[in-house]
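Asker: The lines below spell out each chain.
2 protein chains.
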Amino acid sequence: MTQLFDRNRALLDGALQAMKTRAFWTPFPEVPSGRFYGETAREDGETAFSDLLGKSFELNGHPCEYHVGKEQSPWGLDLALTYPSASAETLISASQSAFQVWSKNSIHARMGVLLEALVRLNKMSFLIGHATVHATGQGFAMAFQAGGPHAQDRGLEAVAAAYAELTATADRAIWEKPQGRREPIVLEKEWTIVPRGIALTIGCNTFPCWNAYPGLFASLATGNTVIVKPHPMAILPLAITVGVLRQVLEEEGLPADSVLLAADEPEAQATQELVQAPETKLIDYTGSSIFGNWVRSHSGDALVFAEETGVNSVVITGTDDFRGMCANLAFSLALYSGQMCTSPQNIYVPEGGVKTNEGAKSFDEVFAGIAGAIDQLLADPKQASGICGTIVNPVTIDRLKNACSAGRILRKSGQTGVGRSATPLIVAVGEDDSLHKDECFGPVVFAIATKSAEEAIDHAANLAMKKGAITAALYATDNGLIDTAAKAFCLAGANLSVNLTGNIYVNQSAAFSDFHVTGANPAGNASLTDTAFVAQRFRRVMVRWPKGKVTRPASALS
Amino acid sequence: MTQLFDRNRALLDGALQAMKTRAFWTPFPEVPSGRFYGETAREDGETAFSDLLGKSFELNGHPCEYHVGKEQSPWGLDLALTYPSASAETLISASQSAFQVWSKNSIHARMGVLLEALVRLNKMSFLIGHATVHATGQGFAMAFQAGGPHAQDRGLEAVAAAYAELTATADRAIWEKPQGRREPIVLEKEWTIVPRGIALTIGCNTFPCWNAYPGLFASLATGNTVIVKPHPMAILPLAITVGVLRQVLEEEGLPADSVLLAADEPEAQATQELVQAPETKLIDYTGSSIFGNWVRSHSGDALVFAEETGVNSVVITGTDDFRGMCANLAFSLALYSGQMCTSPQNIYVPEGGVKTNEGAKSFDEVFAGIAGAIDQLLADPKQASGICGTIVNPVTIDRLKNACSAGRILRKSGQTGVGRSATPLIVAVGEDDSLHKDECFGPVVFAIATKSAEEAIDHAANLAMKKGAITAALYATDNGLIDTAAKAFCLAGANLSVNLTGNIYVNQSAAFSDFHVTGANPAGNASLTDTAFVAQRFRRVMVRWPKGKVTRPASALS
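Those protein sequence lines, which keep their order, are chains A and B.
Note that the first sequence covers residues 3 to 560 in this note's numbering.
Note that the second sequence covers residues 3 to 560 in this note's numbering.
Please note that a few of the clues may not be correct.
Copies of the same chain are indistinguishable here, so a pair counts whether it falls within one copy or spans any two.
In silico BS3-like links for lysine-lysine, alpha-carbon gap of 27 Å or less [what the hints assert, rightly or not]:
(1) 469 x 106
(2) 414 x 357
(3) 357 x 551
(4) 439 x 403
No lab work stands behind these hints: they were computed from the structure.
With the sequences and hints as input, model every part of the structure.
Answerer: Set out below in structure tokens:
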């Protein structure tokens, strides 16, 4: 049973080491190339994806009372896929049965299953890439990374963090207490890892794998069984994931129902019933704060790990590489049409303009530079479509239209020509306006003039503190301003990127190095993946006895 | 500033090592003897205690709008002590000011202050012992241990756990991402520890130091400032503690207000206002579930770590040392008159009796053995008073009287002759009765007959699962029963002690080895001291920049 652990041990060790040093590391190549994934990987992935369409997705032995599925790709494709599903009651009952076995497994057996599943998922990254394209409306390159290797990185990170914590203290001890001249008291002690129970992973539409894997793998690694509740429009990537996990479990003679899929349809969502079930003890949630608040107030004594609404800002106070800055921001703003939890929304620039290597630039000139860089980036329709992807939710288009009248338009939103698309709108608003003070999810960028650079930092950081923010970016040449911003965003709990140019973007959060979300502002109460994210998913319970006077009890959960 | 850290480094290293191996370790001798604490320590402690009485307790520079204090010792002594105090608003404001400095300290400077304070508190253990005697009504030997070295152990444990977690990942990294044939992307990253804010430690009447130190030291170690709210009848031990911490802080040029005392009086308690203050971000609470529920529902977004009500059980199914078992249980039941969160309350014995090394014993004979052992233990009035201490809350006497009519009395409660006292009552009740199914705090023991040994285990474990339990004890000679009990109590989240005899008791929980409270049943949501207890008290926030392109920002919180 620990054969899988031994086989994948290097993977775990690499992750554990990287998570300590926070240096760059990944076992899963992010480039969708045959060089890494095999000559035929690209075609195989396409074929595998096509073969799935129009059928009932197979999940061997999964509870099935009916089939559901109404996924429509934002790219226009009707997936015509259905999935086996069942009532919350049935799923919970199946999860409870599986818990009796899965929870009692050795740590190494559990780790082996999860590491092996990640390795197999990695080999399927082209298929998962296509599934993610049509679930999220992302371009292929991004969907491959976010649904494939980057999500797998985050899954592995969670497994490694759990392993570190599960093995941090001895599971057996001889405790010998001196008694002066008398014989010492000698106890034997043994600790059992007791998982919480059933965990619910609530997936989102935009990053079904990337946002679900941390909670899913952390809960499984700590011995809980998991019900994966995908967004009704983004089922396939998680169905594939659940399928792989179930297959490895089955091969190991473990209950496949340790991981279940709660597929549903937009009109008949199963989330609320699963959240409210008293058997649900852990919930991982990514989505709006509105539903997040509902989850928190209806989840009883379940622990809720949430990533929610926020407003990410960029503060521009100066740069010694104006073109580099504009190009970098252009990509950050255009990428997936601002539909990332890490996408910048507000750009603060002093009303008097800023100094750059190209001379002084007025407020309008700064945004003209950024708008020009976006135009250039998206000049080629195919590239534009690949970068911007599509707009996954039609409501986003309404929000965009509404924002057009919020102020002076500095860049009009256009279309890529493929699917339901929208390129970044840039609209200048006053600091006293209100629209930019809440999340305006999608390709909407607010340009905000401030009296000074200090005020720009102050306003952006204060908004992060109040409304939440996952990322922040600063462009500055003045060390004093960099210090000020570092302090302000630190207190606001937003990770800050300074003077990024070239092929690295504020939107990007690298597993094993960047903690994604700090937990220190309203954008989320959990951080991927810190110790708090895994340590609360299980408990230790002891049995102790005078040494030699009792035969060691059978391991309490075995 | 790290001189204190270097001086006390061995203490920290010892704790870190012990917490991994869970073997016996303590730097603080538990025997109240001049051999360990110095020839004159005993007398010095008595003198120091007497010198405090009838005066206003000095806390240099502590916010003071008025003096409060109505502590009455359960032993009869009027302490006539008052303490400087102030409104919640004033205390919070002072705590916030201190936070600006304390939170920005280096980890090592913080650790140095806390380790030094623990060492100084240890030297004051005789004084703290006397203060604890009169706060709690415990006998001196117990008060010395529980208020002194054992509490200091728990404080050190929390400091070490925090240190391990704070230093678990690098605070700086060079992140170099390969870009194929192109130059790699190289970022510098830096993480700042961001504490949550103000922490509130709500002390209890019975173990003011032991139960307060873990939260107090964990919050301080992770950079939060703390307001200590003692029980109005048990202020002195925590006032001494706060005084020592403030003195070390002052000597180090750090704000003494990093630790504040919120002393109050029974009729005008300050707890509720402090719990409800939005500035309060962490709460450590020990007490009843009734007030615990109030705290949870009124604490906003503050994290609450709680130890609450529970029902601890003993299951007797057989023994090969009947006298040893009876003597061991007698001490566990008599110690501090059952006023420990770890004291057994229910004793389950099969109705058909059990096998022992003295032959078969009927249900009544088992309890006759225990009752006899209690009588023998308490035969000497002075020893009886030392072991039983006093009844700290008069309501406990009412509860005891009420329990007398619950069933057939197997041992009458008596008095020790000193103070408000009560020795253990043993009353036989039916499993269908109700009184034993909730916590009946104090010297009340319910004897419950079950159909079988298996049913005894089942009923006790089920009650632990439903109503909470911190400890459980089993006496058995049958390996199958031991296995069954180990499994049942593990699932119920109660630490189980098997076949204890001699000088080690189910009530005892040793720092660095036993996790006190599992967090896996209603008796508490936190475990002393696991990683979850410390990891949630702070967050990490990053700033990153292209290597070489930005001068390293001044540490974000400095």
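Asker: None of the hints should be skipped; say for each whether it holds.
Answerer: Right, here's what the structure says about each hint:
1. 469 x 106: For residue 469 and residue 106, only the inter-copy Cα distance (24 Å) is at most 27 Å; the intra-copy one is 42 Å.
2. 414 x 357: within (26 Å within a copy, 88 Å between copies)
3. 357 x 551: Between copies, since 17 Å is at most 27 Å while 79 Å is not.
4. 439 x 403: So residue 439 and residue 403 pass the 27 Å test inside one copy only (17 Å; across, 62 Å).
This entry satisfies every hint, going by the numbered hints stated previously.
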